[in-house]
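Residue numbers (this note's numbering), protein chains in the order written: chain A, 1 to 761; chain B, 762 to 923; chain C, 924 to 1007.
Honestly, the hints are just simulated from the structure, not real lab data.
Remember, predicted model here, so these are calculated numbers, not experimental data.
Fair warning: there could be bad hints in the mix.
Said to hold, decoys possible - Facing chain A, a subset of chain B residues (Cβ under 7 Å, in silico):
(1) T797
(2) C808
(3) I838
(4) Q851
(5) Q861
(6) C862
(7) F864
(8) C865
(9) L892
(10) A893
Note that the Cβ used here is the ideal one computed from N, Cα and C, for glycine as well.
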Amino acid sequence: MNAPETMKQFRPKGFRHVGTRPVRPDGVDKVTGKALYSPDFKAPGMLWGAILRSPHPHARIISIDTKKAEALVGVKAVATGRDLPTLESLVMHVGEGASDIVDVSHNCLALDKVLYEGHAVVAVAATSPEIAREALGLITVEYEELPFVLGVEEALAEGAPVLHDNVFTKGVEPKPEKPSNAAMRVEMGGGDVEGALASAAATVTERYTLEPVHQGYIEPHACVASWNGDGQAQIWTSSQGHFAVRSLTASVLAMPQSDIRVTPLEIGGGFGGKTTIYLEPVAMVLSRKSGRPVRLAMTREEVFRATGPAPGAVIDVRIGADAEGTLVAAEVEFLYHSGAYTANDAGAGVSSAIGHYRIANTRVVGTEVLCNRPAAKAYRAPGAPQVNFAVESAIDELAGKLGIDPLELRLKNAAAEGDPQTSGLPWGRIGWVECLEAARAHPHWSAPLGPNQGRGIAGGYWGNYGGPSTVNVSVAEDGTITVATGSPDIGGSRASMAIMAAEVLDVPYEQVRSVVADTASIGVSMVTGGSRTTFATGMATVQAAEDVKSILCQRAARMWGVSDDQVEWRSGAVVCLEGEKQGQSMTAAAIAGRSFHSGGPIAAVAALSAKGWLPGFGVHICDTEVDPETGHVKIVRYTAIQDVGTAIHPDYVEGQMQGGAAQGIGWALNEAYIYGKNGKLDNAGFLDYRMPVASDLPMIDTVMVEVPNPAHPYGVKGVGEVPIVPPLAAVANAIHGAIGQRLRDLPMVPDRVYAALHPEG
Amino acid sequence: MSKIHVSTTVNGDATEYLCEPTSSLLDVLRDTMGLTGSKEGCGSGDCGACTVVLDGEMVCSCLVLAAEAEGRTVATIEGVAEGSVLHPVQQKFLEHAALQCGFCTPGFIVAAKALLDRNPNPTETEVRYWLAGNLCRCTGYDKIVRAVLDAAAELRQERTPA
Amino acid sequence: MVRIVVMPPFDKEFFGEFINDGRLDLAPHNLFDLVEKLEALAPGFAAIAPARVHFAVDGVLETDWTRELAQAQEVIVLPRVGGG
Chain A
1 MNAPETMKQF
11 RPKGFRHVGT
21 RPVRPDGVDK
31 VTGKALYSPD
41 FKAPGMLWGA
51 ILRSPHPHAR
61 IISIDTKKAE
71 ALVGVKAVAT
81 GRDLPTLESL
91 VMHVGEGASD
101 IVDVSHNCLA
111 LDKVLYEGHA
121 VVAVAATSPE
131 IAREALGLIT
141 VEYEELPFVL
151 GVEEALAEGA
161 PVLHDNVFTK
171 GVEPKPEKPS
181 NAAMRVEMGG
191 GDVEGALASA
201 AATVTERYTL
211 EPVHQGYIEP
221 HACVASWNGD
231 GQAQIWTSSQ
241 GHFAVRSLTA
251 SVLAMPQSDI
261 RVTPLEIGGG
271 FGGKTTIYLE
281 PVAMVLSRKS
291 GRPVRLAMTR
301 EEVFRATGPA
311 PGAVIDVRIG
321 ADAEGTLVAA
331 EVEFLYHSGA
341 YTANDAGAGV
351 SSAIGHYRIA
361 NTRVVGTEVL
371 CNRPAAKAYR
381 APGAPQVNFA
391 VESAIDELAG
401 KLGIDPLELR
411 LKNAAAEGDP
421 QTSGLPWGRI
431 GWVECLEAAR
441 AHPHWSAPLG
451 PNQGRGIAGG
461 YWGNYGGPST
471 VNVSVAEDGT
481 ITVATGSPDI
491 GGSRASMAIM
501 AAEVLDVPYE
511 QVRSVVADTA
521 SIGVSMVTGG
531 SRTTFATGMA
541 TVQAAEDVKS
551 ILCQRAARMW
561 GVSDDQVEWR
571 SGAVVCLEGE
581 KQGQSMTAAA
591 IAGRSFHSGG
601 PIAAVAALSA
611 KGWLPGFGVH
621 ICDTEVDPET
631 GHVKIVRYTA
641 IQDVGTAIHP
651 DYVEGQMQGG
661 AAQGIGWALN
671 EAYIYGKNGK
681 LDNAGFLDYR
691 MPVASDLPMI
701 DTVMVEVPNP
711 AHPYGVKGVG
721 EVPIVPPLAA
731 VANAIHGAIG
741 QRLRDLPMVP
751 DRVYAALHPE
761 G
Chain B
762 MSKIHVSTTV
772 NGDATEYLCE
782 PTSSLLDVLR
792 DTMGLTGSKE
802 GCGSGDCGAC
812 TVVLDGEMVC
822 SCLVLAAEAE
832 GRTVATIEGV
842 AEGSVLHPVQ
852 QKFLEHAALQ
862 CGFCTPGFIV
872 AAKALLDRNP
882 NPTETEVRYW
892 LAGNLCRCTG
902 YDKIVRAVLD
912 AAAELRQERT
922 PA
Chain C
924 MVRIVVMPPF
934 DKEFFGEFIN
944 DGRLDLAPHN
954 LFDLVEKLEA
964 LAPGFAAIAP
974 ARVHFAVDGV
984 LETDWTRELA
994 QAQEVIVLPR
1004 VGGG
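Excised from the complex, chain A in its bound form (with noise of 0.2 Å):
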């Protein structure tokens, strides 16, 4: 059922709420180490798997030989692609993005072949840890070594190795007739791109190039999995979404969702990379076969070699103004890494690539491009913050060239409500000009800058998201209030369910516990995911807690003996209006202590497909230093404004904005994938891959603009994502005001700095 009419319009200010910043329910157990991650669970008589990974880039499988393994003592099992179903090819979104469900297993369990460095071939269950990886040294696989590529220009090259013979490039027209490494296509746009380019004041074009990088979550992947005879299995995780990991669990084993019960834990991060599964349909099978609840868990190398990068890419931009400043023309072409398997990244940068600008003539192609590394997955904004940091360098170099002020160009040429978005859509209630507005007005827009110091700035957008969600809204019968959700709680969102459903009811925030369910115990949610928690999750609560509100009233009624309409909802009671009862009131407490005889224990549940979510847009200016002597870039101070619609925790809004905003950087200055010419991953680990520690960064200012979502009861936004797609080009045109060098290719590490600075070497 979706949201009533009546709860579809915002309400203005005035909340007792909302807007405040409570401390979370869930804190204390994290602050005293008392929450369990999934690492940290523990079954009885639970074995302890390990899975044996390819050490080549591309190879077939010739054989697998088990027999030493499976004879050493302690090892109760040991599976391999084999041992997963085979699949008919069936496309699912669970989590976010689509996947085919045999690349989910292949990706598992490989079948056959191998695609990259590090993808599972063989797993093994055994009594500890250590017979565990004993046991992996005594198997023996038999490759064929096959050529690989890892470039996204080589990979689509005349010639090069084909991943898969059964892929045909989607979205081009004729089918093609031979199968190659361009997964897919995708093409938006209108008018007359040459045209208007060649009649350009000004015009950029330059190529853009950013390399993988990984999602970073300080938790590794970890799962326990028991799977009984009778079919029916539990499942321990921790993950972006309890329902993902079931549907897709039991789609790659062939068995009914209903059989198995995923138990959520907490979650140590996954901003888009816990979406997805690598580990439960592997450790489903080694319990089915030990007849034991088995563990796996990845190392932090096991976490860089196999799980999902962001994709890196390349990307032409060519863009052209007339000598007022007005953007008359804009393409972008661009490549992503789309590893092993299919991934979704290139729809998702093609519409956020230049939609935040009005342009009358188009062109934005992306493609995917299937490569011997490990699948892409999504990150934060997925497939976002590439196209934008070469769009946002690009507009910056067109500022430049027309002697503009960076900001009054991009509020020149901004996009409001109405204008169209890449796809021809109308943009909604968006916040993009009241951010660049905020921007301007903003101290460090105007502070003085040191000596080797330089500003830049940029801006960006995510298109957030809405989708299913059932929460369940209780009253104990001492009326305190339990709200338990779908939602796996990654950043703060049992306080945001906590704090709309003590706004509804009007009770104290204390009043209010929230609770993360199991997929056997609460109505199937989304993945936590697409910033959509505190919006379509939040929309059920609301709604639950209306419904609550609705029945505490009309208990209130009977018990007085007066009509539905003769009672009110005040201060957290219900009051009498009429009659010889008039001016009395009842609180929740007294209703809820008496509603078993009343018709019994009073809850509501709203099983809801949230409509009406609006994309989130941020502004983030950036100052740095650069070492002249060594090239090494400084981060001095960092302001980052978004529309966030309306702030329901201001604390975790700012922390999202802070968290987005520190990855970015760490995207900009030093992350990447490194790898060898052998095809082998360099850095598969934190000293090597390094993400930005304390010491890199100053304090974070965040200005949060709030423009309220109409959809919405409360004018939420999707607040998460947005904060990672400004900070690459900030960075970059921060740099670019230092040393009054372009650097075009990610990360600005210090040897490409000092090469900017000292072009003869």
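Take the given structure of chain A and dock chains B and C to it, following the hints.
Coordinates of chains B and C only, in the frame set by chain A:
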């Protein structure tokens, strides 16, 4: 290979365990003793999620052999609060919303407490460099640094004689 | 009749021979019916639609496929964008 017998003190309690010669202190804390508050984010000393204090020194427990704890004292996240009363660093982490997913939080709190135990009045820069061995991917560190500075201020107030 | 605008990649992936300039005229009573009608033109479309397709009715994304289309002018078939 036979196991090694170790007698040690963990969070003030005398403790004994048997461990493999190759086991890390982190493995024993988590798997043998059930103290899963210390996390393994990397196993190579790069992320700080397993930070504990060993004889007064902050260490990555994934880089310490379990056998090395013989006769020494170990302090983990589970021992930071006094009963149900949170340490000011823990309280300030909550008040400042200095955690999102919370996985790195135990390591940060143990490290921050170790800093404040030796330097009650750190500058922002000192806090940032002290915590540079702890990775957080969610917060951008802003609220963590503020929480530590605020906890330091509160602790100094407590220490000021009336 | 409702104007059906099929965006890339679906125009070329499924409907190349049936449509001019990405447009079709059909009379579906709701979006489920539209999927059936498109499936009849291009077998295979219905199987991928739930996972890969978004519909916009008169400029607004619509995730409820029971939505009546009697009054609609235009339905845009566009790629569904995932988040992280």
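Results for each hint:
Hint status for T797/B: holds, given a least beta-carbon distance of 4 Å to chain A, under 7 Å. Among the interface hints, the one on C808/B holds; its C-beta lies about 5 Å from the nearest C-beta in chain A, closer than the 7 Å criterion. About 4 Å separates the beta-carbon of I838/B from the nearest beta-carbon of chain A, less than 7 Å, and the hint is met. With 7 Å as the threshold, the beta carbon of Q851/B comes within range of chain A, its nearest partner Cβ sitting at about 4 Å, so the hint holds.
Hint status for Q861/B: holds, given a least beta-carbon distance of 4 Å to chain A, under 7 Å. The criterion of a C-beta within 7 Å of any C-beta in chain A is met by C862/B, whose closest approach is roughly 5 Å, and the hint holds. At about 3 Å, the closest approach between the beta carbon of F864/B and any beta carbon in chain A falls short of 7 Å, and the interface hint on this residue holds. A distance limit of 7 Å between C-beta atoms decides the matter here; for C865/B the minimum to chain A is near 5 Å, and the interface restraint holds.
Because the closest C-beta pair between L892/B and chain A is about 4 Å apart, less than 7 Å, the hint holds. This hint holds: A893/B has a C-beta 4 Å from the nearest C-beta of chain A, less than the 7 Å allowed.
Consistency note: the structure conflicts with none of the earlier hints.
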